[in-house]
Every structure is written in C-alpha cells, then in structure tokens.
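Trainee: The lines below spell out each chain.
There are 2 protein chains.
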Amino acid sequence: MIEEALKIRAGLVDEAIPKFLPITPPDELYYAMRHLLDAGGKRLRPSALLLAAEAVGGRAENMLPAAVAVELVHNFTLIHDDIMDEADIRRGLATVHKKWGVPRAIIAGDALYSKAFEILSCARSEPSQIAESIELLSKTCTDICEGQWMDMNFQIRKDVAEQEYIRMVEKKTAVLFAAAMKIGAILSGANRDVSRALWDFGCRTGVGFQIYDDVIDLITPEEILGKAQGGDIIEGKRTLIVIHALSKGATIDALGKSNATRSEISAALSILKESGSIDYAMNRAVSIVEAGKSALRILPDSEAKSILIGLADYMIERKY
Amino acid sequence: MIEEALKIRAGLVDEAIPKFLPITPPDELYYAMRHLLDAGGKRLRPSALLLAAEAVGGRAENMLPAAVAVELVHNFTLIHDDIMDEADIRRGLATVHKKWGVPRAIIAGDALYSKAFEILSCARSEPSQIAESIELLSKTCTDICEGQWMDMNFQIRKDVAEQEYIRMVEKKTAVLFAAAMKIGAILSGANRDVSRALWDFGCRTGVGFQIYDDVIDLITPEEILGKAQGGDIIEGKRTLIVIHALSKGATIDALGKSNATRSEISAALSILKESGSIDYAMNRAVSIVEAGKSALRILPDSEAKSILIGLADYMIERKY
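Residue numbers (our numbering), protein chains in the order written: chain A, 1 to 320; chain B, 1 to 320.
Chain A extracted, bound-state conformation:
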C-alpha cells in the first residue's frame, strides 16, 4: 500500500518534470540537465513534499512546482557530487560529466540549481509563502554545501566522531528532506508548529535514510545498485559503519584504496560484519527514524499521515 501511494506521487512528479523543464535552446544543455532526471529515481523528496502538503490539508496538484524544484536541487547535487567523486555510473547510466565532460557537467548542475529557484518562485501561492520557501530552500542548499565540505574533510581525517558524522549527514542529506516537507507545509498555509514538526520528521528520517543508504552501498551487489559495490570504502568515506568499526579497533585495508580489488572489498565487508558495525548502523537508523515518526503526533490522523509514517519505515526497509 505504501509503495503504491509513493508510486502515485512519484508519477505526478515524473509528469511535471518535462512540463517545468522542457528541452529548449541550447538543447544539449537541457538534455544534460535532464539526463539523470529522465533516468528515473524514487522521487522521495518531492513525494515527501506532496505528502506533507496533503497531511496539513493542502492539495498535491498545487505543490508540483515546489516538488519539481526540490527534485532539481537533488539532481543538481548528484551531478556535482559525481564530478567530485569521479563517479562513472549513476542510476545505471554514464554520469553527466562522463557523457559531457566536467565543464559542461558543472554548468548543467548550476543551471538545474537556478531552474529550481525559478520554478519555485513561480509557484501558485502567496508571495510571502513563496519568499519563506525560497529562504528555506536557499539556506538548505548552503547546508548541503557545508555538509559536502565536511564530508570531504572527513575523508582525510581518522578521528571522526559519531556525533560529527550525524551532523554532517544532517546537512548533506537530511535537510533537503526536511525542507521539502516544510515547504509543502508552508505553501499549504500550515502554522509554525506544524511546519516545524514536519521539518523535524524530515530531518530525522533523512538522517536514518542516509545511514541506511550507506549500509545499502556496502551490502548490495552492483547489478541491483546501479553502481559499484563498496564504493564508499575505496573512497575512504567515514560512514557510521566505518566509524564504529574503527572505534572497535578494526583494520580495514581497502579503506581509501582506490585500486582495491574485489576480494579486498569483500574482506573489508566481512570485517565490518564481524565487528557488528553493519548491525550497529542499521539499529541507529531505525531508532533515529522512530524518533522522527514521533514528531508527527501533532498532526491529525489522515491518509497522508499514514503514508508519511510508511515512507519513514520504507526508508530503512528498502532494498536499494
């Protein structure tokens, strides 16, 4: 039932993307901007925005500009992150910089960024609600940059603490979920407490989502994941799993070793399993998401609220 409900919202977003981001001259730029968007994706952030709006009595149809804006911001970060990570594959396709080169990928990302604000500023809502949403989205984008910067610093540090990691993940990943939900609430005229509760829900479930995502990156085979298994290991990422294992005195030879073989990656995986670090991260993800769900108590019961609860559970149960 949850998957079906999410699919309906994702379908609305899928339909809206080409309407708000048509191919116009210079066409090739817009093809580059649409490359990852057209490859699909779960549309979790825009779906969360639609559901948040519905949960406070708003109408999903009126939220499509904002929903598309949030998905564009997400895709902009993917394009630039892939350049930084020198990633070749995303969603089973060549990454934008692999296909168009780094300079054009930088521009395609930048253009998605500005289109997001352009589309949001044309939403059918009160100017004050639009101004508030844009302020939130821009602050969120700054947070994402700060989180990405912290993440890069962590890769050259050995002593990252769990709390620092959580703070980084909040900025890099969770605030966009949080902002999506709060924007859905703001544009639907929700009051401050309700908007804030949806932000809290989005932020906590977003952290849980990312911790669980790091687990998935480790344990999911390439043919399902659409990108190389254990990529975070060879990139040297200090995920919660790695932080836990290192704190238990584990030695992970493949960590940060960009030319690690498949068997070295397998050995690293075994060590992370044996140290209990994968289970530890899974449990942390679950408890953080549970805390997020409790923030929704302020909302009256509704179908949308149930789906949001289901979305939170989905975030830590999905297989990829």
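One should not assume that every hint holds.
[To be verified] Here are a few chain A residues that face chain B, going by a calculated C-beta distance under 10 Å: (1) 131; (2) 132; (3) 246; (4) 314.
Honestly, the hints are just simulated from the structure, not real lab data.
From the three backbone atoms N, C-alpha and C, an ideal C-beta is built for every residue, glycine too.
Chain A is already provided as a structure; the job is to place chain B on it using the hints.
Mentor: Same frame as chain A, now just chain B:
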C-alpha cells in the same frame, strides 16, 4: 567625479560583504567563498544596482542585501568559469580551484550561489518585491549558464556569426547587469516601464562592457590585467574581434593553441590590429552603449542618473 561616485558605492558593498557573508564553520569553506571577493574587484554590478535604486528614488542602504547577492552571483560564476577555463590566476591571486582543488572550488561556487538567494530573500522589502526579484535573479542565472554553454560551443565552431556572439554575450554577461539594475528598481517600488528601461540600459551597457572587456584582454599587459595577456586567443574564444578578423579572411595561428608562445600571441595581436578588428569591436561597444544610454530618457534628471550615464561611458573607457 564618476570614479569617485563609483568608489563610494563600491565601498558600501565592500563593507557589506563580510556582514552578509561572515566566516562561519566550516571556516575553510567560507574562506574559499570569500577568496575572490576579498581580493577586491570593481563591484560594478552591485554599484549599478544601488545607482538604479537611487535613480528611481530608493535608498542605497536598503539595497545592500540585494547588491551583495548580485556580487555573490558574479563571483560564483568566476569560480566555476575558472575551473572550466583551467585558469590559474584571477585578480592577481591563485584561482579558487588552484588553491583548494576542483572539488572544493565547485562547492565554494555552489555555496555562493545559494547564499546569494538566501541574502536576497532576507532583503528588507515587500514579499512580492522579493519574490519578483528572486524570479528575475534565478532566470538570470539560467541565462548565464545558457550563455556559458553557448560560449563553449562557439570555441569548437568556426562559423559563429556576429549576431550569435551578441546573443551569447547578452546571456553570459549582460543579463546580470540588467538584472542588478532592475532588482534595484523593483525593490524601490519603481513601475514596470521604469524597471524595464533600467533592464534595457543594463543589458546594452553590459554587452558593450563585455565587447570592450575582450579588447582589454587582448591589449592589456599581464602586470596590469592580473592574468595572462591574450588568454582568449589561446583558449580559442570567438570574440567579436576574432569573428570580424575571420570574416575578413585573416589567419590567426595562435587561435585555440594552448601552448602558443609569447611571440605567436604578439603576431596574432598584430593581425587583429591590421585587420581593423580591434577598432571594429571598440566602435561596436561604443554604439551599443550609446543605445543603452538612450533607454534612460524615461528617468527624471538626478545625480544617480548622471552617474549611471557616467558608468556606461566608464565601461568602454576603463583601462583594465
């Protein structure tokens, strides 16, 4: 008198930048964002915004958030452009990617981008004026990306026509001048005709500015310019000068030759002088700026209007 008047506005912007963009954690990110900003610069775009506001009866002090936002957008484009152009030096300093590496320079640019919208969304104006300004600034940023994309395409084409070049320059450079002035007008409550006139003035003078800038890149020695002379030639840029020379049948051996020697660049310069292409570009810049100035007829006489006229002249008379 004009230079003094511009210096006063630039000084206001210089003071406002650290207020609106303080160094906060992660500090190093903010140092990277401030690197080019702190190196100075003429602040022409934010000064134009302040003057446009003054010319329609607004107060410069109230426009500082918007002025800083526009300067941040300009600096964001410089950081990303330098990555794409693989430029080492800007304003006499190492470029951001030279100092911090490409991934961090991408983030620093992205963060300036979001800060610009964040600062503009907090301007002390009516929500409807803020929403309109943000819509304009975001559309302008999309235009800049389109212009940059066109510029890159032109470098691998031999048949760029003058009109295409002007269209590219409008998007890549002029629309930010135009938007700066229109935002100054919008936030000061100017009517639609006046706002539009200031946009026209900014767009035309911006095109003139860029054509003249291409001339300066050619004829100014490195020690004054702060970057290598003739960089546009070895990058293969189809500037108006090059387009004119090629249309006259000139052969420019150093064009697009990244390892061209100083004497090859000098030879290219002589050819561009002899073909009359440098004079042609100068004259085009002058006539476009004159057309821009005539757009200001709609405004009542004022000190700010006189300074704007002077700014237009300055754009095609400055030495670097």
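Trainee: So, for every hint listed, does it hold in this structure?
Mentor: Taking the hints in turn, this is what the structure says about them:
1. 131: holds (4 Å)
2. 132: Hint on residue 132 of chain A: holds, closest Cβ of chain B at ~8 Å, below 10 Å.
3. 246: With Cβ-Cβ at 22 Å, over 10 Å, it is violated.
4. 314: violated (29 Å)
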